[in-house]
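Residues per chain are reported as follows:
2 protein chains.
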Amino acid sequence: MEITGKNFIGDKLSGFGKVKYKTIDPLKNIENDILFVEATSEELEEALALADAAFPIYRELSGTQRASFLNSIADEILNLGNALIDIYCRETGLPQGRAMGERGRTIFQLQMFAKTIETEDWRKNINEAAIPERTPVPKPSLSKTHLPLGPIAVFGASNFPLAYSTAGGDTASALAAGCPVIVKSHPMHSGTGSMVSCAIIKAAKKTGMPNGVFSNLNSKSYALSHELVKHSKIKAVGFTGSFSGGSALNESVLKRRDPIPFFAEMGSINPIAITEGALKKGTQQMAQKIAGSIVLGAGQFCTKPGLLLTVDGENTDAFIKELNKALKETDQQCMIHPDLKKNYVKKSDKINGLKETVEVQANKNQLDNNLVHPKLSMISGDQFIANPQFQEEVFGPFSLFVKCKNLQELEQVINRLEGQLTGSIFAQADDYELIEPLIRAFKSKVGRLLFNDVPTGVEVSAAMTHGGPYPAASDSRFTAVGPGSIYRWVRPITYQNWPKELLAKLMN
Amino acid sequence: MEITGKNFIGDKLSGFGKVKYKTIDPLKNIENDILFVEATSEELEEALALADAAFPIYRELSGTQRASFLNSIADEILNLGNALIDIYCRETGLPQGRAMGERGRTIFQLQMFAKTIETEDWRKNINEAAIPERTPVPKPSLSKTHLPLGPIAVFGASNFPLAYSTAGGDTASALAAGCPVIVKSHPMHSGTGSMVSCAIIKAAKKTGMPNGVFSNLNSKSYALSHELVKHSKIKAVGFTGSFSGGSALNESVLKRRDPIPFFAEMGSINPIAITEGALKKGTQQMAQKIAGSIVLGAGQFCTKPGLLLTVDGENTDAFIKELNKALKETDQQCMIHPDLKKNYVKKSDKINGLKETVEVQANKNQLDNNLVHPKLSMISGDQFIANPQFQEEVFGPFSLFVKCKNLQELEQVINRLEGQLTGSIFAQADDYELIEPLIRAFKSKVGRLLFNDVPTGVEVSAAMTHGGPYPAASDSRFTAVGPGSIYRWVRPITYQNWPKELLAKLMN
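Which chain is which? The protein sequence lines are A and B, in order.
Residue 425 in the working numbering sits at position 425 of the first sequence; the count goes up by one each step and never skips.
Residues are numbered in the working numbering as their position in the second sequence, beginning at 1, plus a constant of 508.
Hints were generated in silico from the structure; no laboratory data involved.
Ideal placement from N, C-alpha and C gives every residue a C-beta, glycine not left out.
Incorrect hints may have been included.
As the list claims (entries may be wrong) - Quick list of simulated restraints, FRET-style, between CB atoms:
1. ASN635(B) with LYS205(A): 35 to 43 Å
2. PHE524(B) with GLU60(A): 55 to 63 Å
3. THR572(B) with LYS205(A): 31 to 39 Å
4. THR572(B) with GLU433(A): 22 to 30 Å
5. ALA637(B) with MET100(A): 23 to 31 Å
6. LYS858(B) with SER41(A): 36 to 44 Å
7. ILE639(B) with ALA130(A): 41 to 49 Å
8. ALA557(B) with LYS139(A): 40 to 48 Å
9. ALA129(A) with ARG924(B): 31 to 39 Å
As the list claims (entries may be wrong) - Below, a list of computed lysine-lysine pairs in the DSBU-like style, where the Cα atoms sit at most 30 Å apart:
10. LYS713(B) with LYS230(A)
11. LYS713(B) with LYS443(A)
12. LYS350(A) with LYS763(B)
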């Protein structure tokens, strides 16, 4: 399949724009050869007009029809074969294995949502019969179901070109709900996005979906993104990315005349609290597990543990040593994009530049291209509490070790934290009473709380919560992962006093 | 029980403010004698500090403990006896029967939420067992539940001093969820609010709730309300009232550093579409039913039908005549407050002042005090479509009749509407095919769709949706009525890899 570099305005390839850009091969640090054409305002309007027209048709299709569309997308993505894996690797510097794993996850998600909507159970229909004889007033019959909101704008993540981008969780859940989707392609991997878009359009045609159910807009500049989220035809927004990116888009959403759901997942430092008991039990295995989580995917995961909280005890230094050793063994890794390396260096240097910071692991060798070393720095609990700058996320293989005076101070550190996607506690069986205050503190801060486990590796299942109090997510009441994420894009409606023959049709 | 006019800062009566105000007896058009003391910023801070401290304790109580609190509130409200009914009537001009009916509804809601949380089913817990043998990576155990968000600010409605105010649906659902509540008392019925607050505090003490679980702040000025919703310790806001009031508060919410859920139910004109078939079947009964809905409670319901859509056919004028007759029979009614009468007159005059408007029912007799006549005006479908001013809600017994050329124009009128709490279709059995486009159009606009029924009388049940697309509600994904309204105040959390003995405690 040839990647044209054009936009998909519904099923039509379109490239009228004058601004063009290329993606980068971070391993070689050279530009890839495809020229992407930025979508124009006219193309955006056209995509929205198509989506708006497709919505009332798409919404009325049966669950099995939409499910066949989702399953077909999964098939078409697989049909892209190695070409997809190749462009993925050339646009991210991530290894083949990761590309294939992420493709598997993407396909699994699409199939999971297909399964979710194959029956209408997900609509949580509630039927209440009329009680005409009730006094003082008769009860009317009431039937409640869920309806899709309308066209959704999706902004993919730099670090998940497949699973959280073009046909990722947001797109799959919105399409499952009955919402047309307009993707603003991530400029770091527009080639991957183009191929996946092509698969979606192919699947839409094969399964008879209305044109406009999906569009893909290329853009490296921010203007188009803001135009998109401010547009009256967009009824909700899904975003995965940085706090600054999410906040900037939200500013535009807030300027709308009509408020719309803006679901943004925006980063987290995923604190891990470790008790003295856990350290006493043995430091090596735990250090390896945590170090592995820090450097996984070059630390480019939203769930990377960026904050390690311990009490300064007799085994703490041994643990730091083990951790340091494990991190050193990882050596150098390639980041997805020069901008990400630049930010990694800048942000970790910023923390290391603060007078309180002790650099534990700081290989100063200059690395070529987009390679980076893992970094580990250390401060005390009261230093962390005193300076909110220590809470800033460093995207990449960096973690900050906090030595607290005692468990009370560690609890205070948690209380001082902003909202997080995850929190973890490493403890031993006889710590159960001891950690109660930590659990209580974490409950107010996180969307997922782990015990003796690391936060990377987000399970795609009904019991998952991927989200959390602000700024981890813009609305903590929803998850971005798992079948439950469909509820971001639907609203309830109640039918009162309808005759049975009409109602049956309305409830699907 | 004596009404002191002071604020409840937790369980303490407090009145340090210098600004004072009185409520009005709208029937007599005189001030009631109690002097209410506006809460100061210091008192607000104190209430929030108490709520913040109460939250981690209140959150951890069992469902049965919180249920006993809610049931006890219901009991204590009943224990207020006739004194509550008296003050309610003196502050609203509404008849005793309405006061008692609304008290019954309030008590029913409290007991319904108590029942909802008596078991932990409402938390929708999902438990997934670990699969250690799964390849390529083992699956960890995952358990998902729901947690309360934290202290909630509640703004009661002018038209529901009991059921949507101090101990109304927002307060009851938030307390049920495990959230402390701070009510900003409605200045039109602060006496009623004071008595109910007293009942809540009594119940809190009797059932051993932490101090700060409830506070009640008096205020007639807007400053305190904005201070409240901007406060970092407030984690969500529930509001029932006008579009202008809701929008002004939302402006303040949007200025927060951390976004919080702002659920506002803000008014609606509740269109009723009537087919020619329905008119042909007979106009008298239908006219009486609809007229009854327009004037119910002097038209001071958020679900009052303010827009009647018909096709100009052979029975249309007969229907208007019947409707007019039925409205005339209602004669004069007292509105809740001079400000509401002033707005009713101003807003209905504004619509009647537009050159297109024909006044059908417009008794021009000047009425004393806060009495008003019902009003009915008429325009054509294209006139409605051309001028958005015809969509402005007139709170009170006013309705606008729209004569459309044909069903297509009627459909266009619906498509032109803003979001609504409800829509209704009156039709006959052989109209089923005919109304399909109307149903489709309404589905994009309303939270509740009725067939041959009027929208007033909001059933409190699991199948109810009270909400709808903006501006009917600020977030169409939630209902403000029924047990489901609890989900406005909770968020999911997932526990990963926790030992069974700890997990059991975490999931309640």
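Against the structure, the hints come out as follows:
1. Take ASN635(B) and LYS205(A): their Cβ atoms lie about 41 Å apart, and the range 35 to 43 Å holds.
2. A hinted range of 55 to 63 Å for the beta carbons of PHE524(B) and GLU60(A) is consistent with their spacing of about 60 Å.
3. In this structure, THR572(B) and LYS205(A) break the distance hint of 31 to 39 Å, their C-beta atoms being roughly 56 Å apart.
4. Judged by the Cβ atoms, the range 22 to 30 Å given for THR572(B) and GLU433(A) holds: they are separated by roughly 24 Å.
5. A hinted range of 23 to 31 Å holds for the C-beta pair ALA637(B) and MET100(A), which are about 27 Å apart.
6. Checked against the given bound of 36 to 44 Å, the beta carbons of LYS858(B) and SER41(A), roughly 37 Å apart, stay inside it.
7. A hinted range of 41 to 49 Å holds for the C-beta pair ILE639(B) and ALA130(A), which are about 46 Å apart.
8. Distance hint check for ALA557(B) and LYS139(A): the Cβ-Cβ separation is about 44 Å, which falls inside the suggested range of 40 to 48 Å.
9. Range check, ALA129(A) to ARG924(B): about 35 Å between beta-carbon atoms, so the 31 to 39 Å window is met.
10. Using a Cα cut-off of 30 Å, the hinted pair LYS713(B) and LYS230(A) is violated, with the two alpha carbons roughly 49 Å apart.
11. About 27 Å separates the Cα atoms of LYS713(B) and LYS443(A), which keeps this hinted pair within 30 Å; it holds.
12. Taking the CA atoms of LYS350(A) and LYS763(B), the gap is near 29 Å; set against the 30 Å cutoff, the hint holds.
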